[in-house]
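Using the sequences provided together with the hints, build the complete structure.
Position 548, counted from 1, in the sequence shown is what our numbering calls 548; the numbers after and before it change by one each time, with no gaps.
Hints in this document: simulated from the structure, not taken from any laboratory.
Beta carbons: idealized from backbone N, C-alpha and C, even for Gly.
It is possible that some hints are incorrect.
Stated by the list, open to error - Computed cross-link-like contacts, EDC-like style, restricted to lysine to aspartate or glutamate with a CA-CA straight-line distance of at most 20 Å:
#1 Lys342 to Asp355
#2 Lys256 to Glu335
#3 Lys133 to Asp73
#4 Lys284 to Glu335
#5 Lys133 to Glu186
#6 Lys284 to Glu297
#7 Lys305 to Glu335
#8 Lys254 to Asp283
#9 Lys133 to Glu169
#10 Lys258 to Asp537
As the list claims (entries may be wrong) - Taking CB as the label site, the calculated pair distances span:
#11 Pro221 to Ala463: 44 to 52 Å
#12 Arg62 to Asn9: 52 to 60 Å
#13 Pro467 to His312: 49 to 57 Å
#14 Arg77 to Asn9: 34 to 42 Å
#15 Glu42 to Val288: 23 to 31 Å
#16 Gly92 to Asp129: 46 to 54 Å
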Amino acid sequence: MQACEILQNHNLLNETQVETILQSGVSGTDQIDMAVELGYLEQAVALQAIGDSIGVGYVDLRTADIDLALLEDFPTRLIYREQVFPIAVEGGQILIATSDPFDMYAVDEVAAAIGKAVLPVLAASPEIDSLIKQHLGVGSETIDSLIQQRQDDVELLEEIEGDGSELSEMAQEASVIRLVNEILLEAIQMRASDVHIESQTNGVTIRYRIDGMLHPQPVPPEINQFQAAIISRLKIMAHLNIAEKRLPQDGRIKLKVKGREIDIRVSVIPMIHGEGIVMRILDKGSMVFDLQSLGMEPAIYEQFKQLITLPHGIVLVCGPTGSGKTTTLYSSLMEIKNPANKIITTEDPVEYQLDGINQIQVHSRIGLTFSTTLRSILRHDPDIVLVGEIRDVETAENAIQASLTGHMVFSTLHTNDSAGAYTRMTDMGVEPFLVASTVEAVMSQRLVRRLCNDCKSPVKLTAKDLPPDFPIDLLDGQDLFEAVGCRECRNVGYSGRMGVYELMITTDAIRELATERASSWQLKKSAVEGGMTTLRDDSWRKVLSGTTSVDEVLRITKGDQIVGKS
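Put into structure tokens, the structure is as follows:
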């Protein structure tokens, strides 16, 4: 009996759906895959039904207790070639998870290879893949020279050329290409923002930055013999000089992964044990620039929305590297973009290309800096200007001049809080009265990790367990939540991030203090007295709503005792 007919007998497919599958000419497990791809049902549901019919059990690997000791005597090549995984011993037999209910040859081959009785159980293929990568390491398949004869998921959008050297030829071998693609594909699937490939005394290590935290990736020790080839392959992809190993180099890789365009910024720096590579992954397909979805409290969102629609002035977004400043600015531009206004940006680099917005890439080496492009931008009759970062007095003065001549200017500064932006610009050499009269507001922000909804656990905390500045009066007996960790969040306890915000509006009191060169402490104190919600306050609100934890707030933000709050 065909797989689709079994599913129809279980009322999981209707007659039309079965006919569609049969007309395609596929058979066996391919019928299940096609039904899943067409959205008729989920693979787990299909496998359970098939298993019931043929007498094979089903196991959910996300919750199963896996006996990893079985891997010691299990041939790795079979795991990859047959897509199976040993999970437990039951009644003297080894349970082998497989996603193909019709391929008993694979089970027989495993039994012959290990010389023991095996019992197949069905499991979803993504869960088997996850176990393989988690416990055997990224790229082990290539190390074992088990290159699958299938179309690669990673497609380069630009032609690359080697220099004909032996190292270049090695980097172009199929196994090395496959290994590098596996590393990149795994990082993209895990939503990593950066990939760190580091040369250490005992070999190469790979770490992915996910939700702001670095996570070491298990890799087989055999990968060390491919270290030079991996680095050379990445340098070739980024159009860098593979022969230059003494100086830092920067490049860019453009990929298409499963139909999505991915930009990767590559930085290579020579270290004492070899070259280190850091790759920033910019996933164009997954980015949605929506101001309302960033995590702003409704009151802060309404205030900020009014500010970005002003006819002229400067709005600054502040925070350390990786705090989401660019996302906030891009989302702001998308919020106010319309055919009646012209928006021009000058960025270093242009991270995402936005439809309907004119973007300029800064090139400092040829003199195309923020300040020079800003002067030219003003001759292009813009209404709104975005300057990637105010780094020097010339850029700051040009931004101020643009705002004074009737333009709305957005930019970023690297300061720890909102009040520090006013003093930073004054310290650059800008006259205090110009800063006070043009800066309409400063938004300071950080990114905190969201608790995983699948495993977060309620916890009862008293005043003694909480920091002194926690708003205990707002707790009102409700539970807070803490991170636990599960398969869905890779046992981290968090999944995704959201912003916490401090919006400092330039009131008359702030303008007066800024003109008098007041300290950032005085500016912040005045803003708090005027009702400003600090970063710490906004973070506590996220804790009270159950979206993040107390530990995460303590990791990311600093207490507000300096402003004399009770």
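Structure-based check of each hint:
1. Lys342 to Asp355: holds, 12 Å
2. Lys256 to Glu335: violated, 28 Å
3. Lys133 to Asp73: Answer holds: lysine 133 to aspartate 73 is near 18 Å, not above 20 Å.
4. Lys284 to Glu335: Distance of about 18 Å is within 20 Å: holds.
5. Lys133 to Glu186: holds, 9 Å
6. Lys284 to Glu297: Not OK: lysine 284 and glutamate 297 at ~26 Å, beyond 20 Å, violated.
7. Lys305 to Glu335: holds, 8 Å
8. Lys254 to Asp283: Holds, at roughly 10 Å.
9. Lys133 to Glu169: Not satisfied, since the Cα-Cα distance of roughly 28 Å exceeds 20 Å.
10. Lys258 to Asp537: With a Cα-Cα distance of about 41 Å, the restraint between lysine 258 and aspartate 537 is violated, given a limit of 20 Å.
11. Pro221 to Ala463: 44 to 52 Å: At 51 Å between Cβs, range holds.
12. Arg62 to Asn9: 52 to 60 Å: This hint is violated: roughly 27 Å between Cβ atoms.
13. Pro467 to His312: 49 to 57 Å: Given range 49 to 57 Å: violated, Cβ gap about 41 Å.
14. Arg77 to Asn9: 34 to 42 Å: holds, 37 Å
15. Glu42 to Val288: 23 to 31 Å: For glutamate 42 and valine 288 the Cβ distance comes to about 25 Å; the hint holds.
16. Gly92 to Asp129: 46 to 54 Å: violated, 28 Å
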